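Novice: Protein chains in written order, with the working numbering: chain A, 3 to 234; chain B, 57 to 1083; chain C, 568 to 693; chain D, 3 to 101.
Quick caveat, the hints were computed from the structure, so don't treat them as lab data. Don't take each hint at face value.
[Claimed, not checked] With a straight-line Cα cutoff of 35 Å, these simulated DSBU-like cross-link-like pairs (lysine-lysine) come out:
| id | chain 1 | residue 1 | chain 2 | residue 2 |
| --- | --- | --- | --- | --- |
| 1 | B | 209 | D | 79 |
| 2 | C | 692 | B | 832 |
| 3 | A | 87 | B | 909 |
| 4 | B | 79 | A | 230 |
| 5 | D | 83 | B | 909 |
| 6 | B | 157 | D | 27 |
| 7 | B | 578 | B | 909 |
| 8 | D | 83 | A | 200 |
| 9 | C | 692 | D | 27 |
| 10 | B | 157 | C | 692 |
| 11 | D | 83 | A | 6 |
| 12 | D | 27 | A | 200 |
| 13 | D | 27 | A | 86 |
| 14 | A | 86 | B | 79 |
| 15 | B | 209 | A | 86 |
| 16 | D | 27 | A | 230 |
| 17 | A | 87 | B | 83 |
| 18 | A | 86 | D | 83 |
Small disclaimer: the values here were computed from a predicted structure and weren't measured.
The residues making up each chain are set out below.
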Amino acid sequence: MMRKVLVFLALIGFAFALLPLAYRAGVADEPNALATAYLERAPAELATANVVTAIVVSYRGFDTLGEVAVLFAATAGVGALLTKKRLGSAGARAPRKEATEVLGTAARLLTSLLALFGVYIFTHGHLTPGGGFQGGVVIATAVLLNILARPQSHLAHGLMTAVESLSGAAYVALGLLGAFLAWGFLDPRALPLGELGKLVSAGAIPLIYSVVGLKVGAELSGILEALKGDRE
Amino acid sequence: MVNPLYLFAASLGVAFLLPLVDKLGRKLSLALAYLTLAAWLAAGLSYLWALSFGGAQATLFGTAGFEAPLAIMLRVGLAEAAGLSALSLVGLLAAISMRNKLRDSPIGGLMTLLMALMGMSGIVLTRDLFNLFVFLEISSIASYGLIAYDDRKAALRAGFKYMIAGGIASALYLIGVVYIYRFTGQLNLDLAASSPGLAGAAGSAAVFFLLAALLVELKPFPANGWAIDVYHAADPGVAGILSGASATALMLALWKILPLLGPAHLSLVAGSGLLSFVAGNLAGARQGNARRMLGYSSVAQLGLVMAVIALNELYGLGGEGFVYLTAGGLLLNHLLAKTGLFLITEKAPSGGTTALGGLLALALVGLPPFPGFWAKWSLVQALVAKGQWAIIALILAASLVEAFYVLRWFGSLAKGKADESQLEPRASLFAPALLALALTGFGVLSGWNAGLREPLLWAPFALAVLLYILDRLSVFVKAPLAIAAVAAFGYLATPGLDGLRQFFALMLLGGGALFLLSAMRKAGPRRGLMPLLGAATLSLGAVLLADSALSFFFAWEAMTLFSYLLVLRGKEGEKPALSYLSFGLGGAFLLMLGLLGGAGLWPGAPAGPAWALALAAAGILVKLGALGVHVWLPGAYAEADDEVSGFLSASMSKAGIFALIALMAALSLVPAGREALNQGWALRGLGWLGLATALFGALYAIYQEDIKKTLAWSSMGQLGYVVLALAINDQAGWTTALYLALNHFLYKGMLFLAIAGVVQRVGTRNMYEMGGLIKKMPFSFLSVLMAIIALSGVPPLSGFGGKWLLYSSLINKGWYLEAAVAFFASAVAFLYLYRLIHSIFLGQPKPSQALVKEAPLALTLPQGFLMAILLAVSAFPRLMLDPIMAIVGNRSGTILAFEGGRLSSPLGYWNGTLSMVVTAAVFGLCFVWMMVNLHNTQSVKQFNIVYAAERPHTPATTHYAFAFFEPYRKALGFLTRERAERFWESAGGGVSALGGALRRLYTGNGQTYALHIVLYVAILYLIMGVL
Amino acid sequence: MNALEFLAGINPVAASGAALVLVGLWGVLARPNLFKIAIAFTVLETGVNLVILSVGYIRGRTAPILDAASDAATASARMTDPVPQALVLTAIVIGLAVTALMLSYALRLKAAGGGSSIEAYGEEKW
Amino acid sequence: MWTDVAIIIAGLVMLAAGIGAIVAKSLLVSIILAGGVSLVASLVFLLIGAPDVAMTEAAIGSGLTTVVFLYALARSKQADKEDSDESAEHPDAEKAGAP
């Protein structure tokens, strides 16, 4: 009871701190100077139609690199926690029911379609909504479907690891390319900017978003795989 | 300066590739990871070098080829460089010490380790508020992974609680950042801070959320249960990284956002920092588990650093340099020492573990020469200057509690009582050793920086190190070496000193040398004794050399430190040493306040205000063991090694006398001081304190069966006379005080040395187990006899002169009541003195002691030396009194004057030579008479007591002198109930109970901890509203 | 100030975000099941994400993406603030990472036989 | 203005679903409701001109997170079942876990 009262008081206190802030800030009428600067400069400087992508991959690309690192660290943690050995017998599954033939066939078909869709999303991140993270999730969904359709099949774990590692390394390498060929680490202007609105444009942004997509896809698949309990 | 972005690229590149590299072998992965960490360290050190010595300026690095506000900036300044170096060092060393487990765990462990440290480096370097969030998340998420890497169940339990706390903190942080962006239009820290948008209440609330998140991460009381559980349960290496490296990064994050904070925010930081320091230490006081105890200490230390940073902003204690020196020094001290201690908690007890554990523990509690000492000094100095007494009292009291429990742990480690379940015997001590080395290096550097450049002041530490290196050698090699060092010190130091100091140098350094000599009484290396005793002797010399407040306090603390370790070395020394140190440090803190307030204890120093002098005097009286604060004394003197007891009683106690005299000399130098002295009541009070000490010391001494306890209480009593004499404060009084001090040095040295011989030969300290040793140990008997004659103040030895001087000056001053009590105390003293001779040397020899030999030469030689001096100054008092009276000079109330060999006062005269001659003649005549008339003497045979069918066990039935003065208890017993002991015990018990109650908050339930956090934030918000 | 003005001053996105933050926090503080705590955290995160994006909410403005038809120079005047969007993207991914790790912890703890209530994991205390 | 109304309605729906997720007895219901909160949130994001965020929230917040939860729930249930099925100790049974 005492506890409930304290929880109630804590929440009231928190609300007391939070709500006035949300109210006082109100709704903005205009984007501020920084936002306007991004909106005006991103298409010109980086030939990127999607300003959010320009910010995420370039101006604040260091954040995104960190974000990839967060996901990477989490995957490593999940992988280390959920190994067969550590989960005891809960990891060693009895043979599961085989999925039906129909589902299997549908999954095979859908998997490649989904993967293709994922690739589309992250290669078009500079033009349309979406990008590496969204595309990565779609790829992971494809993997998930595969897992569901064929519970007994083990993912090509080595392949996943290789994709994850190499795409990560490629991200860092692209960043360094910016440092050597352009004006700084993660500068996408290392490659020709091209024309605004074209697929091959915006310098290294599509490339960066592609490796991010691959890495994220591999990592999320890794998390799903670990949760499934297949990690040695 | 190399662009730090390359280091991030390297860290990430290596971490990303590790799963592939690992297929080639774990050794390669480990090597790559260590190389990366080493690269960070190298970069940090190179920045530090470039900024400190290379003339480089703080530099901003843009990312993605853009600058702020568009892009994220990194900054490398002095603080960043220092933080980066420190956390990389700690991270690398912790990682090295974890290598066995990292080798056997999944590769995820190594990956998260790299990520965690990279995240912390990012926290240090970034200047962007949202980027700071990303790095906070990298380091915390990697830490969650790291905590779980070796799959300890306890670590998993704690890790989950950590995740809950971290989740709440991130939510707070994001809300704060986004509203700061809303109000300022910036994410860059510097641009946001200079924007007017944060001025109003809304901006202040936005900053509050940001600050609250960082505060929660910094583990303030009471929202820190999760952190303590993590320290408790995680792998020691991980705990070290979290407590050392992560805390450094977070503290720098706090330092970074200072420009955003208003006065109300700063007050919150200062308040919660101080609260954490006090509460953390209180909660630690009860803690038995080493890692949890270190966890409480971590919480406390971080609180202190936090408070210092905020207090500096609030009160302008001393600007940026001051923050580097104090907050930086405290943080560095904490992170190096704490990481080392965490790593040590899993090592098996051994000589190396103990030495390193000791070094790190002593550093942690802020003893010299470690960085914490200098930082605390500067901090208290600045606070004294601003008159922040309440804060000072809180900080010092909590520091004392911390010293108590940290050194209690060290005591049990040194005595081999570490918890065996936590040990990993084959782990190496490389990392803790390197951390200890770094601590020492930084400590010496800070001392040098603080202006302590006199090499002789550092000599104690140098000698300790030198002798510790040679510690495997026999004591017969080390003792002469140590004595030579003391002699060299004396040769270099004393010529420049004034008369008073030269006089004391004789007792302090000369005495030290004699006891070093006596340490050769046993063969073998006697490990630890020589380095500590040698260093303690030199630290006494350093006290005399001191020429500034800081150097005086430095030497004083060094003395406390080495004597603590000496007491701890005693066989049963664990408890007495702890009590000795607690009082020693308490006294030292009082003295520090006095010194900082302006009490000048060195030649030519100004006398400060009265309160400063009173504080300094109080500190010194604790060191002297005045009645009421004497609780530490009997245990410390009794349980130390026998030669150490002598050293403490005969030599080291004189350092306290010296300080008291120096204090009074400083006082009488200035008119205001003289006025204060002439007010009378202060001096009269001091006199009564001395007198009470003398009386009660004697009273306690008479009931002891333990020979060393008797001597310990006796020392306390005799020092009381010195204080009484000093309180008289005229020519006669001063002369008496110095005379008594020298006399005490001589006879107490002889007594302790003689008793050391007896105890060594007999193997017990209980008087009722001895008897009839006069035939076996005639020289020791002679030594004790002369000493007690000198002590009791009967002619012909110099003690008589001392008593005569004392009564003369008391009566001259008009203190008749005091004189009467002093006389009574002397009579009581005679009782226990009589017993020393009677129980030990006279009576029936014990059959078991039939083969006892005379004490070894190493003991008889210094006794003979002291005896010779005693005889010389007894026969020719002018040898002693001329220099003393020259030191005292023409003080008010000059009543003493020499006429030839005759010292006269208004009450009469005393001629030492004559009384010696007369006594010798009388004794000679008696002796001749005995020889002539008593030729029928025969020796009595040992009684053959036979008991029917049982053997007596109780001492009462086996020794005629057991409980010899028990009858007196009926008359005087009410005086000797140990009131002070009970007072301090209940005070300590109260503190401990308070701590026990506080730590009940930490229920172990992660959800309760989360509730603490939310309540804490809500309450802080309300307080901020009020401020 | 009349009620309408007051209501108009409220940022609806921020208000719903703040409400969700409180609901999530309540779950974190009041539900002892480990999985429930993780669920509560996702609600809390969603709330925080709404709060972040509320700052970039400008009535009547479009997504900060140029389409081929529109003129780059004038388009920016019709677009909303892209910065909070970039921040939220990061926050969402980080939220997923935390959730996955938290669930792994919960599973691992459960596999060790301690049950699903956080109250069972209080051995480290005092 | 209509956007605001829509947002408010969405907010109320989210609030209801959020509370439901916290109070629901069944973990499965909780998970689905929490996913629903995310889904509605992604609609709100779409409404206020943040299609990137809406996509991400839908894919990660409501999609993947829910899947991860469901997987974890399934694993947890399996473990429960085994605990009750097999009384014999597992080869890697954890000592620390025993009450």
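Novice: Hint by hint, say whether it matches the structure.
Specialist: Tested hints:
no., hint, result
1, 209/B <-> 79/D, "holds (21 Å)"
2, 692/C <-> 832/B, "violated (60 Å)"
3, 87/A <-> 909/B, "violated (69 Å)"
4, 79/B <-> 230/A, "holds (23 Å)"
5, 83/D <-> 909/B, "violated (80 Å)"
6, 157/B <-> 27/D, "violated (41 Å)"
7, 578/B <-> 909/B, "holds (14 Å)"
8, 83/D <-> 200/A, "violated (55 Å)"
9, 692/C <-> 27/D, "holds (30 Å)"
10, 157/B <-> 692/C, "holds (26 Å)"
11, 83/D <-> 6/A, "holds (33 Å)"
12, 27/D <-> 200/A, "violated (52 Å)"
13, 27/D <-> 86/A, "holds (30 Å)"
14, 86/A <-> 79/B, "holds (19 Å)"
15, 209/B <-> 86/A, "holds (16 Å)"
16, 27/D <-> 230/A, "holds (25 Å)"
17, 87/A <-> 83/B, "holds (22 Å)"
18, 86/A <-> 83/D, "holds (17 Å)"
Of the hints listed earlier, those the structure fails to meet are numbers 2, 3, 5, 6, 8 and 12, in rising order.
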